[in-house]
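Enquirer: I would like the entire structure built from these sequences, with the hints used as guidance.
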Amino acid sequence: MPLLPPSWAQATNRALRRVPAWPLYLLGLGWALWLFWQAATGALGPEPINTLERRYGELALQVLVAGLAVTPLRVWTGISLIRFRRALGLTAFGFVMAHVAVWAVLDLQSLSRIGEELVKRPYITIGFAGLLALVPLAVTSNNASVRRLGALRWRKLHWLTYVAVPLGAVHYVWLVKGWPAEPFVYLGAVLGLLALRLVPQRRGQGARRVPA
Amino acid sequence: MAHRWKNDLTRDDVTPRALWLNRRQLIAGVGAGAALSLTRQARAQDLTPNSLEQISSYNNYYEFGVDKGDPARNAGGLVTSPWTIRVDGMVDRPGDYALADLLSGLATEERIYRFRCVEAWSAVIPWNGVELADVLNKVGVGSGARYVAFETTVQPDVMPGVRSRVIPFPYVEGLRLDEAMHPLTLLATGVWGQPMPNQNGAPIRLVVPWKYGFKSIKSIVRITLTDRQPPTTWNRLNSREYGFYSNVNPEVDHPRWSQASERQIGGGLFARRQPTLMFNGYGDQVAHLYDGMDLRENY
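As given, the protein sequences belong to chains A and B, one line each in that order.
First residue of the first sequence? That's 1061 in the numbering used here, and the numbers climb one at a time after it.
First residue of the second sequence? That's 60 in the numbering used here, and the numbers climb one at a time after it.
Hint data in this document are derived by calculation from the structure and do not stem from the laboratory.
Note that the structure is predicted; figures quoted are calculated from it, not measured.
Treat the hints with caution; some may be incorrect.
What the hints assert, rightly or not - Taking CB as the label site, the calculated pair distances span:
{"no.": "1", "chain 1": "B", "residue 1": "L111", "chain 2": "A", "residue 2": "I1142", "range": "51 to 61 Å"}
{"no.": "2", "chain 1": "B", "residue 1": "P219", "chain 2": "A", "residue 2": "V1223", "range": "34 to 44 Å"}
{"no.": "3", "chain 1": "A", "residue 1": "W1219", "chain 2": "B", "residue 2": "D216", "range": "42 to 52 Å"}
{"no.": "4", "chain 1": "B", "residue 1": "N357", "chain 2": "A", "residue 2": "E1176", "range": "55 to 65 Å"}
{"no.": "5", "chain 1": "A", "residue 1": "P1196", "chain 2": "B", "residue 2": "D237", "range": "51 to 61 Å"}
{"no.": "6", "chain 1": "A", "residue 1": "W1239", "chain 2": "B", "residue 2": "D353", "range": "24 to 34 Å"}
{"no.": "7", "chain 1": "A", "residue 1": "V1179", "chain 2": "B", "residue 2": "D350", "range": "27 to 37 Å"}
{"no.": "8", "chain 1": "B", "residue 1": "Q333", "chain 2": "A", "residue 2": "L1064", "range": "55 to 65 Å"}
{"no.": "9", "chain 1": "A", "residue 1": "P1080", "chain 2": "B", "residue 2": "S298", "range": "32 to 42 Å"}
{"no.": "10", "chain 1": "A", "residue 1": "I1142", "chain 2": "B", "residue 2": "N297", "range": "36 to 46 Å"}
{"no.": "11", "chain 1": "B", "residue 1": "L354", "chain 2": "A", "residue 2": "R1143", "range": "58 to 68 Å"}
{"no.": "12", "chain 1": "A", "residue 1": "W1234", "chain 2": "B", "residue 2": "D350", "range": "49 to 59 Å"}
{"no.": "13", "chain 1": "A", "residue 1": "A1075", "chain 2": "B", "residue 2": "N297", "range": "47 to 57 Å"}
{"no.": "14", "chain 1": "A", "residue 1": "R1143", "chain 2": "B", "residue 2": "P254", "range": "53 to 63 Å"}
Where a beta carbon is used, it is the ideal one built from N, C-alpha and C, also for glycine.
Expert: Laid out in structure tokens, this is it:
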């Protein structure tokens, strides 16, 4: 049941075919470096370590949500961004790594503290579990891995996304004080995008049904 | 009575680093008589006070939003004049006091205090204010009063956080009477000799330097003396995480993060953590208030 006339979706897809995916990597890297530069030069305020840590974490969640939106967007509108999904996933992973690096190196500053926090703080344990779930996905986000694993096994492995992203969103909700809107917006978006995948689709209505 | 308490942080602590390093060399050259000053200088080395810019740009004032920059961005519209404080409960002279009347005749002092947020960041702040005890004595503490309750102003028109109800408002806090009467406890009206910035709790706020920052309630419009432990906002929201006492204690962790160390704001991207001090370094002055109490139970 497409929400757009199929002709619109086809026109959009035709136009998108000419857009390369590689600028997304540059954009992600550039954005991360720009934030780091701002933090180092005082533009992020008097507590740049905490601010940078949060910004990287939020960016990771934002890009992960965008990645989760690719399939529902195709199912519901016929617009396919599948060519950009690998770049989205790897960029998000990069932001997660930057987030963890700031936390470990600049914030906690010692291995014993890192170990202690991982064990004693459930929101950190959960966030770290989410990170671990992302590692095999990042490692296999290349054509060679798809060939080696075969499409079906590769796809099954990447179902880990459905574990990793909610863990990241819960990690955020769990660490804030009070009831600020933002973390709940992310959690809601993640759960909503996962729930959309459960809505049954009829075949042959313009949009191809591709489970992913 | 003013000047009951002597700062261990002094004017020297607000001196730019380069200047006191020079002075330190000078003192070292003078010899034996300088030993005392050297101790003070050594202490100053650990404590770089924060600039007004830093103090007024990294705040928790949820009425104006939850981001640390929100209060500085949004607090411009706070109406701080005229300012009336309702003093009620077990007091000899209850009433609605104009701020100037409540403070008239009281000595304003500068107090350079460590400030430790429950979120494990900290600052060193030169406050200007009067001792809360002086104000309480002025209105007359009634016999039987054992606690002091405080309430923050609610101005929904200029407070986006109040409109979105991020926590229940008005924000309320409280102290035991002996804590309130302690000479370290201030009602602050300024920072760095300037009027209190709105985002820091203008025109008048509490400062209890041995407790986590959220105890130091901002923009006070009501002071109530009572015989019962008053409700406090964060305790009501999550009593497991925020106790009534909330004394700074490196040995009792917040359930979700460690309180063993802290990082002073203003140190940049590569600032080091420093160990958090028991009672935020004011143990000599306040530990006796809690004699015989289990501080793990009464967190």
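Enquirer: Hint by hint, say whether it matches the structure.
Expert: Hints versus structure:
1. One distance hint, 51 to 61 Å for the beta-carbon pair L111 (chain B) and I1142 (chain A), holds here, with the actual separation near 53 Å.
2. Range check, P219 (chain B) to V1223 (chain A): about 36 Å between beta-carbon atoms, so the 34 to 44 Å window is met.
3. A hinted range of 42 to 52 Å holds for the C-beta pair W1219 (chain A) and D216 (chain B), which are about 50 Å apart.
4. Between N357 (chain B) and E1176 (chain A) the Cβ separation comes to about 24 Å, which falls outside the hinted range of 55 to 65 Å.
5. Judged by the Cβ atoms, the range 51 to 61 Å given for P1196 (chain A) and D237 (chain B) holds: they are separated by roughly 59 Å.
6. Here the CB-CB span from W1239 (chain A) to D353 (chain B) is close to 31 Å, well matched to the stated 24 to 34 Å.
7. Against the hinted window of 27 to 37 Å, the Cβ-Cβ separation of V1179 (chain A) and D350 (chain B) comes to about 34 Å, which satisfies the hint.
8. Take Q333 (chain B) and L1064 (chain A): their Cβ atoms lie about 57 Å apart, and the range 55 to 65 Å holds.
9. Checked against the given bound of 32 to 42 Å, the beta carbons of P1080 (chain A) and S298 (chain B), roughly 55 Å apart, lie outside it.
10. For I1142 (chain A) and N297 (chain B), the hinted distance range of 36 to 46 Å is satisfied, since their beta carbons lie about 43 Å from each other.
11. Restraint check, L354 (chain B) to R1143 (chain A): a C-beta distance of roughly 59 Å satisfies the suggested window 58 to 68 Å.
12. With their beta carbons about 37 Å apart, W1234 (chain A) and D350 (chain B) fall outside the hinted range of 49 to 59 Å.
13. For the pair A1075 (chain A) and N297 (chain B), the beta carbons lie near 51 Å from each other, so the given range of 47 to 57 Å is met.
14. The supplied range of 53 to 63 Å is met by R1143 (chain A) and P254 (chain B), whose beta-carbon atoms lie about 58 Å from each other.
Hints 4, 9 and 12 from the list above are not met by this structure, while the remaining hints are.
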